[in-house]
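Given these sequences and hints, build the entire structure.
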Amino acid sequence: MAAPVLEVQALRVAIRGDEGLARILDHVAFRLETGRILGVVGESGCGKSTLIRAILGILPRGAQIGGGRVMFEGEDLLAFSEAELNRQVRGSRISFIPQDPYLALNPVFTVGAQLLETMRRHRPGTRQDHRAELVRLLRRVQLPDAEAALDRYPHQFSGGQRQRLLIAAALACAPRLVVADEPTTALDVTTQQQILLLLRELVEETGVSMLFVTHDLGVVAELCDDLCVIYAGQSVETGPARAVLNSPMHPYTRALLACHPDRSEGFTGIPGAVPLPLRAPPGCRFAPRCPEARQACPARTSHPRAAAPGRAVDCILYDPVPVEAVP
Amino acid sequence: MLVLRKFLRDIPAVLGAVIVLGVVLLAIFGPWIAPYPEDASASHLLRRLRPPSAAFPFGTDNLGRDIFSRVILGARGALKVSLAVVGAAMAIGVPLGLVAGYGRGILSEAIMRVTDVFLALPQLILALALAQLMGPSVESAMLALALTYWPFFTRIVHTETQRLRNALFVDALQGIGASTPRILFLHILPNILSPIIVRATIGLGFTILVAAVLGFLGMGATPPDPDWGLAVAQSRGYLPNAWWFATFPGLAILVAVLGFNLLGDGLRDLVDPRLRRSR
Amino acid sequence: MTPILALRDVAVSLGGRRRWLRPSVPPVQAVRGVSLDLAEGEILGVVGESGCGKTTLGRTILGLQRESRGEIRLDGTVVSGLDPRAARRARNAVHYVHQDAAASLDPWWSIGRTLEEALVVQGLRDAAERRARIDEVLAAVGLDASARPRYPHEFSGGQLRRVALARILALRPRVVILDEPTSGLDMSVQAMVLNLLAELRRRYGLTYVFISHDLSVVRRFCDRVAIMYLGRVVELASATEVFAQPRHPYTRALLAASPSLASETRPRAPVPPGEPPSAARLPPGCAFSPRCPHAQPRCREVDPALEQDGRGENACLRWREIAGADDPAMQPA
Chain A
1 MAAPVLEVQA LRVAIRGDEG LARILDHVAF RLETGRILGV VGESGCGKST
51 LIRAILGILP RGAQIGGGRV MFEGEDLLAF SEAELNRQVR GSRISFIPQD
101 PYLALNPVFT VGAQLLETMR RHRPGTRQDH RAELVRLLRR VQLPDAEAAL
151 DRYPHQFSGG QRQRLLIAAA LACAPRLVVA DEPTTALDVT TQQQILLLLR
201 ELVEETGVSM LFVTHDLGVV AELCDDLCVI YAGQSVETGP ARAVLNSPMH
251 PYTRALLACH PDRSEGFTGI PGAVPLPLRA PPGCRFAPRC PEARQACPAR
301 TSHPRAAAPG RAVDCILYDP VPVEAVP
Chain B
1 MLVLRKFLRD IPAVLGAVIV LGVVLLAIFG PWIAPYPEDA SASHLLRRLR
51 PPSAAFPFGT DNLGRDIFSR VILGARGALK VSLAVVGAAM AIGVPLGLVA
101 GYGRGILSEA IMRVTDVFLA LPQLILALAL AQLMGPSVES AMLALALTYW
151 PFFTRIVHTE TQRLRNALFV DALQGIGAST PRILFLHILP NILSPIIVRA
201 TIGLGFTILV AAVLGFLGMG ATPPDPDWGL AVAQSRGYLP NAWWFATFPG
251 LAILVAVLGF NLLGDGLRDL VDPRLRRSR
Chain C
1 MTPILALRDV AVSLGGRRRW LRPSVPPVQA VRGVSLDLAE GEILGVVGES
51 GCGKTTLGRT ILGLQRESRG EIRLDGTVVS GLDPRAARRA RNAVHYVHQD
101 AAASLDPWWS IGRTLEEALV VQGLRDAAER RARIDEVLAA VGLDASARPR
151 YPHEFSGGQL RRVALARILA LRPRVVILDE PTSGLDMSVQ AMVLNLLAEL
201 RRRYGLTYVF ISHDLSVVRR FCDRVAIMYL GRVVELASAT EVFAQPRHPY
251 TRALLAASPS LASETRPRAP VPPGEPPSAA RLPPGCAFSP RCPHAQPRCR
301 EVDPALEQDG RGENACLRWR EIAGADDPAM QPA
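Protein chains in written order, with the numbering used here: chain A, 1 to 327; chain B, 1 to 279; chain C, 1 to 333.
Certain hints may be false.
Claimed, not checked - DMTMM-like mimics (lysine to aspartate or glutamate), calculated; alpha carbons at most 25 angstroms apart, straight line: (1) B/Lys80 x B/Glu139; (2) B/Lys6 x B/Asp265; (3) B/Lys6 x A/Asp18; (4) B/Lys6 x C/Glu241; (5) B/Lys80 x B/Glu38; (6) B/Lys6 x B/Asp269; (7) B/Lys80 x B/Asp265; (8) B/Lys6 x A/Glu19; (9) B/Lys80 x B/Asp225.
No wet-lab data here; the hints were simulated from the structure.
Structure representation (structure tokens):
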């Protein structure tokens, strides 16, 4: 197996707030192979945005790395200084597509000025080269009238067009990894489908790898090669997207898929609520809502096991020797 | 509780709160605290212009009255004026702002244009003109200040109401058939109370200052009231020898105004939605 | 049987304003001639992308938005053509649940007070009766009386939907307009909210207008579906039919574009290029024609009306040809 572009190993992140220490991420582990799209799926409050911030090195003040590594092309990003990240990683080797294209562009500057600024910082060449490259990219992302688009202001574009602009911006410096944070959530379905198809094509053409964070299992089914399911800050199941969606193994993945209107017979839902990171249960955090919970679940330390080829599940059911407390 | 903890971390605001509390206590209990409460009106020509001493900590004035007592007794008048002025300004300004902010028609346009005209008038000039017209007295000063202060409330309430008019909960209330007065006074008003309170707090300090200026110019309180501004005015003839005569009433004005302003700033930071994370 | 709610050629224009000494704002045709019948007890899904007029249609049925043309009948009685207050009174059997439940509740009012207010406004004078009814609806939506002294920010998104539902239920509605009732909710919570909605319908004999953009949910939950595009209903049929045999090209495009777990097995129609034009600048003829893969010159001249197509209605000039081309029976093997 080729070396992964990104490998997150047993990552734990806590944030100290007014009310105490919130353990937002409590053992997240996955790997993203070169040229593939990994979907990271979780419900709100599962720690998706903290994960993105940890990878991009923009954790808020008060955040503490409790352990683990974020290996990017063989180097641990968590060991980088702020200056090193800016110089070597952010914007150049890792780029970011934000959720809301309305907020990501400054309304008082032309889009050309904003996009060329990033290129100037991270890419050799003259301004003319940059401009030509950018126009080529804007054509590639099917933005109508690419040449003139550079001199227009963000409000002159529709939501879908703005998202295309940001995709072009993310690719402008030929990154190795693109991190996309729910880039289609704010869009209508037909526009969303256009963007998903475009992302797929771009990944295949450029060989870039993509981390695609979303809450929408349907989007994962459409776009992603691999899948990592996160529940309350713990990665519970990883594997090829198709295989995980068709035969989920972790009880949470099973319950989540059973809630999807394409799958469910009645509408049942999962009883209970996602625990707050401040008051997370010990051990497996899904145990209090899990239909298959054992007595040993709260004492179990997170450890993903290879449960099938290419798949890892972090659950007591798949531990090699089932530890059953027999009185 | 979180709000209180955040407030207590803001030292200037706490200082302001302590000062305001002090002024309020002096205003209520002044006659019992002051060592010579009868000096509000009495005069003792035998002990004129004594410098500060153990018996008279702030010295005595041109009529031999204890300045310390008169500073304490002046708190009530200052607070009474500013409360009345701000109260009246709110009574005029808040309903006008609500109506103007909620409606879209000619009426709300008219209210806002009138508000702008009043905002453009310099407060002190209008107050002086009114005082001239009606003769100098505390009442005419209060009326003049109230007439010039209400537009500030109308402006704030108008902006906030306009923002809330399109809020979903207002829409939902219209959906269940709630009447306009109900929406305005029971729902929108409580929601915009915090900026009003902030404005009012700062307004109280500001009014104390302007009332003192009017007193100084002889257009407000009349002798022998223990008014801070009036005292500063009377002291002019005895400077620089009787420095205490001007200094202590002046300091009283400074501290009181500062207190209200610090408190108001602190409250504004507390309710500013950009700074507020959770309630 | 008389439909509980009937719309005939209802049109709504929004935002047009003539201003003094300033350029006037031309109105936008948000809803352009919608005719619908709503049978008692059914769930009608109204589906479309943002800007298609589905929320405006809902607000017009409620009476908060005034129709510029057309007729609305409630139980056979005409309730259109009235000023907003009178319209709202006449349509008191219709109620509306907002998409954003948190924002539809006054943050300064406790849940109990908010619920009680709805009843006070509706003129229920007896305090004991009000209390009894609030307890009843709170129980019906799966909350208990301990919710009453609490404030909106203390509740989760799913619980707030329940509160918003309870507020409406207390008013004893017959038709409830649900505006995107599942958007922004997590999958597990969404399933519970839908479950609750189904149960409430049974228990109170409600009729739902279910506004949504989520086709997966509509398919599972609705009896009939109206697909809207730029202010028009372009297809109207039972949910089964619409999803099995979409007739209008826009419906096909929408189905093709909506993400689904069964993405690998499902037939794919091409995703239409571009984005919906603004309702302020409508193209001539059929509004979908600039993006339609089947458009012909006459599509750009004639604006088609809904017509019967055997299993429902659709508004496409060429639906017969398109359906014929797709029908496997008519293709050589």
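These are the hints, each one checked on the structure:
{"no.": "1", "hint": "B/Lys80 x B/Glu139", "in the structure": "11 angstroms, holds"}
{"no.": "2", "hint": "B/Lys6 x B/Asp265", "in the structure": "14 angstroms, holds"}
{"no.": "3", "hint": "B/Lys6 x A/Asp18", "in the structure": "10 angstroms, holds"}
{"no.": "4", "hint": "B/Lys6 x C/Glu241", "in the structure": "59 angstroms, violated"}
{"no.": "5", "hint": "B/Lys80 x B/Glu38", "in the structure": "20 angstroms, holds"}
{"no.": "6", "hint": "B/Lys6 x B/Asp269", "in the structure": "10 angstroms, holds"}
{"no.": "7", "hint": "B/Lys80 x B/Asp265", "in the structure": "22 angstroms, holds"}
{"no.": "8", "hint": "B/Lys6 x A/Glu19", "in the structure": "13 angstroms, holds"}
{"no.": "9", "hint": "B/Lys80 x B/Asp225", "in the structure": "13 angstroms, holds"}
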